[in-house]
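No gaps in the numbering here: position 103 of the sequence shown is 103 in full-length UniProt numbering, and each next residue is one more.
Keep in mind that the hints were calculated from the coordinates and are not lab data. Hints are supplied without guarantee of correctness; some may be wrong.
[Unchecked claim] So the derived label-pair ranges between C-beta atoms look like this:
hint: 1; residue 1: R34; residue 2: A273; range: 30 to 38 Å
hint: 2; residue 1: R72; residue 2: K226; range: 38 to 46 Å
hint: 3; residue 1: D49; residue 2: L77; range: 17 to 25 Å
hint: 4; residue 1: A273; residue 2: L77; range: 26 to 34 Å
hint: 5; residue 1: K102; residue 2: E18; range: 16 to 24 Å
hint: 6; residue 1: K229; residue 2: L4; range: 44 to 52 Å
hint: 7; residue 1: E269; residue 2: L232; range: 23 to 31 Å
[Said to hold, decoys possible] Straight-line alpha carbon distances no greater than 20 Å define the calculated EDC-like cross-link-like pairs of lysine to aspartate or glutamate that follow:
hint: 8; residue 1: K48; residue 2: D7
hint: 9; residue 1: K144; residue 2: E68
hint: 10; residue 1: K233; residue 2: D221
hint: 11; residue 1: K23; residue 2: E89
hint: 12; residue 1: K157; residue 2: D196
hint: 13; residue 1: K157; residue 2: D49
hint: 14; residue 1: K251; residue 2: D49
hint: 15; residue 1: K11; residue 2: E35
hint: 16; residue 1: K136; residue 2: E89
hint: 17; residue 1: K112; residue 2: D49
hint: 18; residue 1: K48; residue 2: E78
hint: 19; residue 1: K251; residue 2: E269
hint: 20; residue 1: K233; residue 2: E183
hint: 21; residue 1: K112; residue 2: E279
hint: 22; residue 1: K128; residue 2: E58
hint: 23; residue 1: K157; residue 2: E58
hint: 24; residue 1: K23; residue 2: E68
hint: 25; residue 1: K251; residue 2: D261
Backbone N, C-alpha and C define an ideal beta-carbon position, used for all residues, glycine too.
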Amino acid sequence: WERLLKDRGYKIQNTLGEGAYSKVKSAYSTRLSREVAIKCINTKLAPKDFVEKFLPRELQTLPVLRHENVVRVYEILEASDGYVYIVMEAARNGDMLRFVQKRGALPEHDIKRYFWELCQAISYCHQKNICHRDLKCENLLLDKNFKLLLTDFGFSKPMIFDSRGRVSLSSTFCGSAAYAAPEIIQGEQMQSKPYDPRMHDMWSMGVILYIMSCGHMPFDDSNVKKMLKIQLKNQLRFPPRVNDIISEELKNLIRRLIQPDVTQRANMERVLAHPFFMEY
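Starting from the given sequences, assemble the full structure and let the hints guide the process.
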C-alpha cells in the first residue's frame, strides 16, 4: 500500500488515528502541494454490512459534496488487496470532542461561530438531499485555522421525496446512542418506528451545541432505557457553573433542538433564523 500511495505522490508521515479495520495517516501530497489525511480501510477486516452498504454510500456521497465546511475529498483509491484509500483535507487541530475535553465549555462567541459553520454544512447537505445521520463531536474536525469541517458520511442517506414533497422515512438505527434522537432509540427497542432523518440530524446538532456550551454530554448513555425516559420527560438541565454564564438565547436554541416531540423540534430554517444568530 505504501508503494501505491508513493506512486501517486503521497509522502506518508504519521498515524493520526486507528480503528479495528481502518487507520488515518497524515501525508504530504507533492501533486497537490499540501498536507492531506488518508483514511486507509481494510475491507477484508470490516463488517459485511459496512463493506456492502455503508462504505459504498460514503464513496458515492463524498465526491459530490463541495462546501467550505465539509471536508474536501481529493481522491479515492481502491486497491486489489482489499484496501480503500480516501485522501482528504487535513484537519491539523483534531476534532471537536478533543477540543472540548481540553478546553472545557467554550466561550459563547466561539460556540456561535462553530455552530453557525455546522449549520451551514448541514443545511448544504440537506439541500443536496443528503442526511448525515451520524452527527457527533468526533465527526467535526478543525483545520489549521480552526475552521469547522464536517466528515464521516458512512451513515449518510440520500433523501427521496414523494409527489407531495414528503420525505421517505428511515428505519435504520444509525450513529451513537448518546447523540441519537429519542424516536430512533424507541424505534430500535420496538424493532420498527420510521423517522425523518432530517430531524434526527437536528437533535444531534442540539447535543453537539449542549456539549460545546457545557463541556459534557446532556444525558448519561450508560443505560439507554433510563436515558430515553429522561429525554421523553423533556427536563433538560444546565450545570450551575454555566447556567448563569450562557445567554438565554443559547439555552432556548438548545432546548428547541433537544426536543423529544418531533413536531415541536426546530428545523434548519428556524435555527438559522433564531435570535442566537441575530448578527449573522
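- Task: Could you work out which earlier hints the structure fails to respect and list their numbers in ascending sequence?
- Result: 4, 8, 14, 17, 24
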